[in-house]
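Chains H and W, in that order, are what the protein sequence lines are. Position 104 (the first sequence) corresponds to 104 in the numbering used here; numbering is contiguous. Position in the second sequence (from 1) plus 249 gives the number in the numbering used here.
The hints are simulated quantities; they were obtained by calculation from the structure and are not laboratory data. Cβ coordinates follow ideal geometry from the N, Cα and C atoms, glycine included. Be aware that a few hints might be false.
What the hints assert, rightly or not - Chain H regions said to be covered by chain W (calculated; three or more residues, Cβ under 8 angstroms):
1. 13–23
2. 94–108
Said to hold, decoys possible - Taking lysine-lysine pairs in the DSSO-like style, the calculated list, with each CA pair at most 30 angstroms apart, reads:
3. W:LYS322 / H:LYS245
4. H:LYS16 / W:LYS322
5. W:LYS263 / H:LYS245
6. W:LYS386 / H:LYS16
Claimed, not checked - For each label pair, taking beta carbons as the anchor points, the in silico distance ranges come out as:
7. H:LEU10 / W:GLU557: 53 to 63 angstroms
8. W:THR307 / H:LEU64: 42 to 52 angstroms
9. H:MET1 / W:ARG305: 17 to 27 angstroms
10. W:ARG357 / H:ALA177: 43 to 53 angstroms
11. W:ARG474 / H:LEU10: 55 to 65 angstroms
12. W:GLU557 / H:LYS245: 36 to 46 angstroms
13. H:ALA183 / W:ARG305: 27 to 37 angstroms
14. W:ASN272 / H:ASP247: 13 to 23 angstroms
15. H:LEU114 / W:ARG357: 31 to 41 angstroms
16. H:VAL222 / W:LYS376: 54 to 64 angstroms
17. H:LYS245 / W:LYS310: 16 to 26 angstroms
18. W:ALA418 / H:ASP247: 32 to 42 angstroms
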Amino acid sequence: MADIIYCEWLKLRRSKILLIGVLGSLMVPFLAVVSEVRACRVNPEASLSLWGMYDTSIMFIMLLFGPLVLAVVATWLVNREYTERTLKTVFTVPVERGRFLAGKFIILFLLICLFMLLSWADILAISVAFRLFFGGDAVSPAQAVIILIQMLMGGVLMFATLTPFVYLSLCTRGTIAPFIVIAAVSLLNVVLSASPVAAFYPWTAAYLLQRGRYGQTGCPAVVGTVLLLGVCIAGIFAANRRFRKEDIV
Amino acid sequence: MCAYSIETDGLTKKYGDCAAVNNVSLHVPGGQIYGLLGRNGAGKTTTMKLLLNLIRPTDGKIVLLGEGCHNRKNYYRIGSMIETPAFYENLTARENLEILARLRGRHRRDTIAHALRAVGLEQEERKLFRAYSVGMKQRLGLAAAIMHEPELLILDEPMNGLDPIGIHAFRSYLLRLCREKGTTVLISSHILGEIEQLADWIGYMHKGRLLEEISFQELCRKNRRYAAFEVSDVKRAALILEKQYHILDYAVFGKNSLRVYEQLDQRAQINSGFIRAGLAVSGIELRAGSLEDYFIQKENEQAQCLSEEKM
Numbered sequence: 001m002a003d004i005i006y007c008e009w010l011k012l013r014r015s016k017i018l019l020i021g022v023l024g025s026l027m028v029p030f031l032a033v034v035s036e037v038r039a040c041r042v043n044p045e046a047s048l049s050l051w052g053m054y055d056t057s058i059m060f061i062m063l064l065f066g067p068l069v070l071a072v073v074a075t076w077l078v079n080r081e082y083t084e085r086t087l088k089t090v091f092t093v094p095v096e097r098g099r100f101l102a103g104k105f106i107i108l109f110l111l112i113c114l115f116m117l118l119s120w121a122d123i124l125a126i127s128v129a130f131r132l133f134f135g136g137d138a139v140s141p142a143q144a145v146i147i148l149i150q151m152l153m154g155g156v157l158m159f160a161t162l163t164p165f166v167y168l169s170l171c172t173r174g175t176i177a178p179f180i181v182i183a184a185v186s187l188l189n190v191v192l193s194a195s196p197v198a199a200f201y202p203w204t205a206a207y208l209l210q211r212g213r214y215g216q217t218g219c220p221a222v223v224g225t226v227l228l229l230g231v232c233i234a235g236i237f238a239a240n241r242r243f244r245k246e247d248i249v
Numbered sequence: 250m251c252a253y254s255i256e257t258d259g260l261t262k263k264y265g266d267c268a269a270v271n272n273v274s275l276h277v278p279g280g281q282i283y284g285l286l287g288r289n290g291a292g293k294t295t296t297m298k299l300l301l302n303l304i305r306p307t308d309g310k311i312v313l314l315g316e317g318c319h320n321r322k323n324y325y326r327i328g329s330m331i332e333t334p335a336f337y338e339n340l341t342a343r344e345n346l347e348i349l350a351r352l353r354g355r356h357r358r359d360t361i362a363h364a365l366r367a368v369g370l371e372q373e374e375r376k377l378f379r380a381y382s383v384g385m386k387q388r389l390g391l392a393a394a395i396m397h398e399p400e401l402l403i404l405d406e407p408m409n410g411l412d413p414i415g416i417h418a419f420r421s422y423l424l425r426l427c428r429e430k431g432t433t434v435l436i437s438s439h440i441l442g443e444i445e446q447l448a449d450w451i452g453y454m455h456k457g458r459l460l461e462e463i464s465f466q467e468l469c470r471k472n473r474r475y476a477a478f479e480v481s482d483v484k485r486a487a488l489i490l491e492k493q494y495h496i497l498d499y500a501v502f503g504k505n506s507l508r509v510y511e512q513l514d515q516r517a518q519i520n521s522g523f524i525r526a527g528l529a530v531s532g533i534e535l536r537a538g539s540l541e542d543y544f545i546q547k548e549n550e551q552a553q554c555l556s557e558e559k560m
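For reference, chain W alone in the conformation it holds in the complex (with noise of 0.2 angstroms):
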């Protein structure tokens, strides 16, 4: 198996001058959840698009399962759902996916059947697909992703629509098909929050670029509370931590920042065996981060690094 079942180099996509996408370099690893977050318009369906060849890439290289997206064949391993779930309105769930199938050409005879169980749509099968309601709609579109057993699942804001119940019975079963079956999910979503319960790793998108991968752990150790110390040596203060201490959860960020995750409630003590060890503390703090502080502070960064390179 390869590392990444997703990997793209340089991936752009330009309508005229505007770039959708613009230089993704998205690295998803095999049998992983990866949330693609962003706001509304940051180029996240614009990248599933170009991943599942349905719009054609200004510039960039895209592997998919190992291959290159021009081998038509890899896709039979691959499952989607772009934006809201487009059938035939004049046919049932069951012929919808019927016609699927048998262009598909391969699958098993309970495929179907298998399909609507998984997304409790079996007692509504025979429902014409125009008198379904959104949320049906978007569990018959999870059932047309995941009814060939792909390796790889590409879904662009698969839970809107859905009622709590369908949100987390939709999250377990994602969960069981990668914990248990190795699939590879990439999923976008606007919602912070739908994303963390599942994502083993998360990239965020912001007007058209991928600022950041981050897996989900590490994501979660930036933006947990930590005592933030300013000091004049890092190092000596590191090795305090560790010997006197015996704290092994920090970070080093500089010449004089330390950040200490762990025994926050010591922070006095530790800043006075700072003091006592002829260290200069000039201050501390206990922060939290969220998330939504996180990338908030990342487009920000964004915004200046792209005013920096205007003037």
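Chain H extracted, bound-state conformation (with noise of 0.2 angstroms):
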């Protein structure tokens, strides 16, 4: 399996995926800089916290950028494997079409998780020069370690809502379909956030479970935890049982 995951990971060099989504990770926190510094002027009593870099920062990667970015990253690496033609060269090694799916799907966490841990460091990186030239709370290591596991628990969620988009492109094989539905999730979420039925919407389901305010939806945390790993098992399963049967052409 470590050899399988190692050429997951070969396979991504010089690809501009990976670039798109290191930049996506890095945008995500200006964008909740531009959103804090405008909060400030409208109250000056306000100031630039990491908390509160990290608390817009988080909305904007669970909310808008994991369903459109991590979507499309989850949508590529499937993809590509059938626009480049490759399966039938990989298939006669031969390589156990379930192992290879499962270094799909890992490689796919590892990449979220990378992704998490850029935003981390990005947040980080920006609260400390807000500290240094324009004064403001400290950033204490602790709330750094904190807010690093919350982002990779948050990593986990979106893992788990992104499994249907594997077996959506391994369907449709293409991209036009799969980009047509995560535009789709990605609006509904933005429309969804704040409505109650949010706790029964898997992507803003890991959102407010990532902030722990699924309680507040009036629903208990167990049913979004139970609603996500239902999504997640599902997405693997409904992928694996399509490419087991698969023929090559």
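Fit chain to chain and form the complex, with the hints in mind.
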């Protein structure tokens, strides 16, 4: 399995999708800065803090960046094997189809963690820079570690919501249909994030769970956890079932 | 070693009502080169994909190197190239081969360098795959197929896009692999000329069916120049050929036809000999068949059979 994961990593070399993901991860905290600075201008008593930055960043990441960019990454990881017709080369090695797909899921998870780590480092760097140049609350290492753990937890929850996109890519073997679904999911995310049904919409549920606000919707957090677990397992199971019986033409 | 490296029995692949491969029973002898011939769309690639477990058969049995195709480990002993070579566009030749070697999990350190050298790509190993020409891509596909020194090579139209020198080098390499290392090669093509310089055996496919499996020697024998005699008694005619003219290279077809493959310039004398012996000779003709003619004839025979079946 380690070899499969290494190969998946090697396949990303010089790929633009990795660059897009990295740039996206680094851009989100800048969007948060803009939002925070605007808030500070409206309310002069407010100051730009690490927590404030994190709060805004994680909202952008989990409601916009995650469904948009990470779903595109998930789709691309699978779809490239069809567009570059490499499955026939790999499967005749031979590589077991289930293991190959597991490699895709693992590399997707690792990429999500990497992007989260980059966003975290970016948030931290921006907060420290603001403190140095404009003053404000001190950034403690304990805070930074807590935020990192929370962001990685967010990554795990986002991964759970992305497995259906892998299945969708396998079904359509193209990018257009998944991209339309990704756009629709992201739009619904924005629309539903403040509504009572947000608890039952997996992509907003992931955000609410990550922020510990799921209970505020009136549902216990266990419902959200079960919902996300169900989506994740259903995505993996359906993708695996589809991939195993597929003819490589 | 088993007699056949590839053996299929009633192999069938249907897409809806259309049979892409129809009841194919293939027999590829070990350590020999088997050319799978047929026009475009004859079912050669589908057959190879079935052998390589890329697509699932609707019916039939496959035995590769003495084992069923469900034994995944068996495929480590097989190298293949199906249609145009496919690799990761953003990686170099070396990186692409490294991925395959890693996935295979068992390889010598110099495997990649050796494979690239064998196909003449050692100078281009750091070039991205997307920057390769068609011929270079083809050669990289071959390098991937041979890099683990397989016992069985399955190659689908491997010479497409190669220049004449590349074709010659590749042909020599395959012959050397087969003769020196005993590698079995199944190679497909729709160009007869490519195959006739390589193959020990030929299988001819048409519309999903395997029309004939024949050794190349036998095929040549069937298609060389001969004198065709139509005589009243072939048994006596054969006796005359052997006793009077010491001719052993002849073939009998039916009750009245005889083909003589040697001493063709003596055909007038042979004719006289038959007549002297009291045989009635109703026809004598010098004929030469080409491989193309042979297979066209086979296709026509099959078309006739099918139309008779329908009636």
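_Hint numbers not upheld by this structure, sorted from lowest to highest_ = Result: hint 4 breaks, nothing else.
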